[in-house]
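Peer 1: Residues per chain, in single letters:
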Amino acid sequence: MKPARGHGRLIVLIALELALLGVIFARHAAVERGATRVRLPFAGLHTSRDLAGGYAQPYIQLEGVFAEADTARRKGSNCWIVLVSSEDDRPWRVARTLRRGSETEPPALAPGEVALAGYGGTAMLSLSGSYRLRLDDRERSEIDAELTRHQHREGARHDSIFAARAKAESDSSGRHLTATEYRPSGAVDALVHKGAIVSLRGMELFGRRYGR
Amino acid sequence: MDLFDFAGQAFRQRLRQELGRWRDEGLIDAPTAEAIAARYAHEESGAKTTAAAVYVLGSMLLGGGVLSLVAWNWHALGTPTRLGLVLLALFAAQISGHRAGMRGRDGLGHALLLLGSVLFGGCLFVISRHYDQGIDWPLGLLLWGLAGLSTAWLFLSPPSAIFGQILATVWVGYQATHGGITWLAALAQIGIALPLVRRTGSTTLLLVTLIAIAFSLGFSQAKEHATPGSVLVPVLAWAITLLSLSASTPRDTPLSRTAAAAGLFVGGLVTYFLSFRDIGRESGVWARHDDPAWSYLIPTALCLAVAGFLLLRRAHRERPAAIVGAGSLFLLLIALHLKAIPGSVAIAANVALAATAITGVAGSVQQLRRAPFWFGTLTLGILIVTRFFEYQGNLLGKAIAFILCGLLAIWAGSAFERRVERDRGRTEDAG
Numbered sequence: 086m087k088p089a090r091g092h093g094r095l096i097v098l099i100a101l102e103l104a105l106l107g108v109i110f111a112r113h114a115a116v117e118r119g120a121t122r123v124r125l126p127f128a129g130l131h132t133s134r135d136l137a138g139g140y141a142q143p144y145i146q147l148e149g150v151f152a153e154a155d156t157a158r159r160k161g162s163n164c165w166i167v168l169v170s171s172e173d174d175r176p177w178r179v180a181r182t183l184r185r186g187s188e189t190e191p192p193a194l195a196p197g198e199v200a201l202a203g204y205g206g207t208a209m210l211s212l213s214g215s216y217r218l219r220l221d222d223r224e225r226s227e228i229d230a231e232l233t234r235h236q237h238r239e240g241a242r243h244d245s246i247f248a249a250r251a252k253a254e255s256d257s258s259g260r261h262l263t264a265t266e267y268r269p270s271g272a273v274d275a276l277v278h279k280g281a282i283v284s285l286r287g288m289e290l291f292g293r294r295y296g297r
Numbered sequence: 319m320d321l322f323d324f325a326g327q328a329f330r331q332r333l334r335q336e337l338g339r340w341r342d343e344g345l346i347d348a349p350t351a352e353a354i355a356a357r358y359a360h361e362e363s364g365a366k367t368t369a370a371a372v373y374v375l376g377s378m379l380l381g382g383g384v385l386s387l388v389a390w391n392w393h394a395l396g397t398p399t400r401l402g403l404v405l406l407a408l409f410a411a412q413i414s415g416h417r418a419g420m421r422g423r424d425g426l427g428h429a430l431l432l433l434g435s436v437l438f439g440g441c442l443f444v445i446s447r448h449y450d451q452g453i454d455w456p457l458g459l460l461l462w463g464l465a466g467l468s469t470a471w472l473f474l475s476p477p478s479a480i481f482g483q484i485l486a487t488v489w490v491g492y493q494a495t496h497g498g499i500t501w502l503a504a505l506a507q508i509g510i511a512l513p514l515v516r517r518t519g520s521t522t523l524l525l526v527t528l529i530a531i532a533f534s535l536g537f538s539q540a541k542e543h544a545t546p547g548s549v550l551v552p553v554l555a556w557a558i559t560l561l562s563l564s565a566s567t568p569r570d571t572p573l574s575r576t577a578a579a580a581g582l583f584v585g586g587l588v589t590y591f592l593s594f595r596d597i598g599r600e601s602g603v604w605a606r607h608d609d610p611a612w613s614y615l616i617p618t619a620l621c622l623a624v625a626g627f628l629l630l631r632r633a634h635r636e637r638p639a640a641i642v643g644a645g646s647l648f649l650l651l652i653a654l655h656l657k658a659i660p661g662s663v664a665i666a667a668n669v670a671l672a673a674t675a676i677t678g679v680a681g682s683v684q685q686l687r688r689a690p691f692w693f694g695t696l697t698l699g700i701l702i703v704t705r706f707f708e709y710q711g712n713l714l715g716k717a718i719a720f721i722l723c724g725l726l727a728i729w730a731g732s733a734f735e736r737r738v739e740r741d742r743g744r745t746e747d748a749g
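These protein sequence lines are chains A and B, in that order.
Mapping of the first sequence onto the working numbering: position 164 corresponds to residue 249, and the numbering continues sequentially without gaps.
Mapping of the second sequence onto the working numbering: position 20 corresponds to residue 338, and the numbering continues sequentially without gaps.
Mixed in with the good hints there might be a few duds.
Distance windows between CB atoms, simulated [said to hold, decoys possible]:
hint, chain 1, residue 1, chain 2, residue 2, range
1, A, L103, B, E636, 45 to 53 Å
2, A, V97, B, G731, 19 to 27 Å
3, B, P349, A, L103, 28 to 36 Å
One side of the interface only, derived from the structure: several residues of chain B facing chain A at Cβ under 7 Å [stated by the list, open to error]:
hint, residue
4, L442
5, F443
6, I445
7, S468
8, S574
9, I718
10, A719
11, C723
12, L725
Partial pick of chain B residues on the chain A-facing surface, computed with a CB cut under 8 Å [what the hints assert, rightly or not]:
hint, residue
13, I413
14, S414
15, L472
16, F473
17, F734
These are calculated hints, taken from the structure and not from any lab test.
Nothing here was measured: the structure is a model prediction, and the numbers come from that model.
We put the CB at the ideal spot given by N, CA and C, even for glycine.
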């Protein structure tokens with residue numbers, strides 16, 4: 086240990102630590118004011134990566150993510166929630182798609198707006214009927230092409246993707262998927278009915294608009 | 319002196335015994351013996367290291383307890399009270415650590431400063447919970463790591479430096495999954511830690527840093543389009559650099575020993591997993607992608623350039639295992655790029671492990687050094703056992719091979735130990 090002659094180093098250390106705490110204070114205060122975006126899109130990514138692993142735990146995790154999103158929305162922040170299944174490199178691709186226009190941030194949202202995007206097996210089932218993906222033509226075609234490539238590559242192992250696609254395409258009336266057998270989907274529905282999420286921007290998938 | 323210098327402790331213990339004998343035999347006089355004793359601080363006993371370890375363990379437990387209190391549903395207290403309590407604990411730990419250092423109680427001082435570094439994380443949690451948003455992990459980890467490293471820099475405290483270094487590595491991993499980190503983070507780790515290693519003289523910190531850099535290099539490549547090969551190649555290139563560094567410095571220097579240990583650990587760990595046929599097949603640079611991300615080439619080329627420079631400058635003959643290890647890892651690195659030969663990675667990994675272990679054993683027999691002999695023998699044993707379990711084959715053949723290998727290991731071990739004892743006897747007779 087460095088031989089001490091006075092208390093100078095201790096004072097410097099405490100000042101440094103207070104400055105570092107000030108950074109996190111400033112960051113959170115900025116999020117609180119809506120001046121900066123929270124990183125919820127990535128929280129959604131991580132949480133939903135577990136979706137394919139089972140239904141009981143994801144239910145709780147998903148609820149947590151939506152609760153956080155709702156907190157952000159109430160405080161005037163905006164955020165993206167990205168749900169993806171745990172199949173290989175899907176999270177990266179979705180993140181890249183949503184970052185279009187900027188390397189680090191998803192497309193801009195209005196203050197207080199929460200957008201939801203989903204991609205991959207279980208996540209698709211939980212989203213496709215209930216919510217709408219807002220994608221421009223290029224984004225949509227990219228995701229569609231990727232989904233098709235994925236189908237070809239993985240074959241019948243991921244039949245949930247086929248199921249999601251079939252559901253999405255057949256559900257042109259826009260009614261909710263009841264899908265009570267899929268608990269994540271049930272969780273989303275329940276949260277919407279409770280008013281936890283009220284400001285989802287309209288989304289579109291495979292050339293059709295779904296949801297309310 | 320390094321706080322956790324266990325190897326140095328063993329050396330001092332041996333030196334303590336030898337100095338007495340040398341003085342009795344008239345090889346050295348009393349002032350020389352005293353000078354040597356002072357030079358290597360041989361009066362220090364293992365109790366100091368043990369006490370330091372206990373202090374550090376205690377501070378980690380204390381810190382964990384306080385963090386759990388923060389995480390606990392502490393609704394009865396408002397945020398200012400909570401933050402005040404954690405700040406109070408933080409400053410109390412650091413002031414006490416500072417005072418302990420002033421009184422010469424280094425072990426306790428380091429432990430209390432480490433406790434302060436841990437408690438700083440508690441402050442971050444309290445602030446984040448106040449805003450009801452959870453902690454912003456990438457930023458939180460970065461600030462937490464910076465606090466640990468600041469403590470380490472100001473007080474030359476290896477435990478806080480190790481803590482900060484580990485947090486920095488986790489931050490690199492976390493940042494990689496959040497879409498942005500480059501291999502330059504590993505370079506920054508070297509820039510921050512190596513001067514600290516130099517100033518503290520801590521080989522433990524050096525070892526942790528060298529291993530942490532390997533993780534950071536791998537994490538920084540784990541991104542979109544990354545194949546397992548493109549993550550592993552820079553890690554192997556770093557292991558080659560470490561082994562080259564070890565081979566280009568005299569064997570008994572702490573830098574050489576630490577670089578060899580880190581290089582063998584990192585390279586050995588990766589190589590062992592690649593030695594499995596199925597893992598090796600899936601781990602090439604081209605695995606599953608026709609167009610892998612090539613960003614790993616820059617850090618890899620840099621590492622190999624440094625390794626080449628070190629080896630060409632000066633390769634010490636007494637470290638043949640390090641040279642063979644570096645060379646065989648280089649071959650494995652080439653195998654990871656061979657698209658047309660699917661089994662090449664597993665073959666190269668097995669050859670690399672076997673060649674390094676055999677060279678280590680051969681070198682240790684020549685130099686009569688126990689550690690590399692038994693380490694090499696153990697590596698060979700693990701390799702043989704793993705391959706026997708991996709490949710299905712005739713049970714009788716396996717049984718015979720196991721028996722032969724077992725007998726060979728026992729015979730080689732006994733022969734080696736007899737030779738070491740004979741050599742010791744001859745030295746004593748000559749004395």
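Peer 1: Hints first: check each against the structure and report whether it holds.
Peer 2: Tested hints:
1. A:L103 <-> B:E636: 45 to 53 Å: 51 Å Cβ-Cβ, so the 45 to 53 Å window holds.
2. A:V97 <-> B:G731: 19 to 27 Å: Violated - the Cβ-Cβ distance for V97 (chain A) and G731 (chain B), about 55 Å, lies outside 19 to 27 Å.
3. B:P349 <-> A:L103: 28 to 36 Å: The hinted range 28 to 36 Å is violated for P349 (chain B) and L103 (chain A), with Cβ atoms some 52 Å apart.
4. L442: holds, 6 Å
5. F443: violated, 10 Å
6. I445: It holds, given that the least Cβ distance between I445 (chain B) and chain A is near 5 Å, below 7 Å.
7. S468: holds, 5 Å
8. S574: Violated - the Cβ of S574 (chain B) stays beyond 7 Å from chain A, reaching only about 26 Å at its closest.
9. I718: violated, 42 Å
10. A719: violated, 38 Å
11. C723: violated, 40 Å
12. L725: violated, 47 Å
13. I413: Status holds, d = 7 Å.
14. S414: violated, 11 Å
15. L472: holds, 4 Å
16. F473: For F473 (chain B), the interface hint holds, since the closest Cβ of chain A sits about 6 Å away, which is under 8 Å.
17. F734: violated, 42 Å
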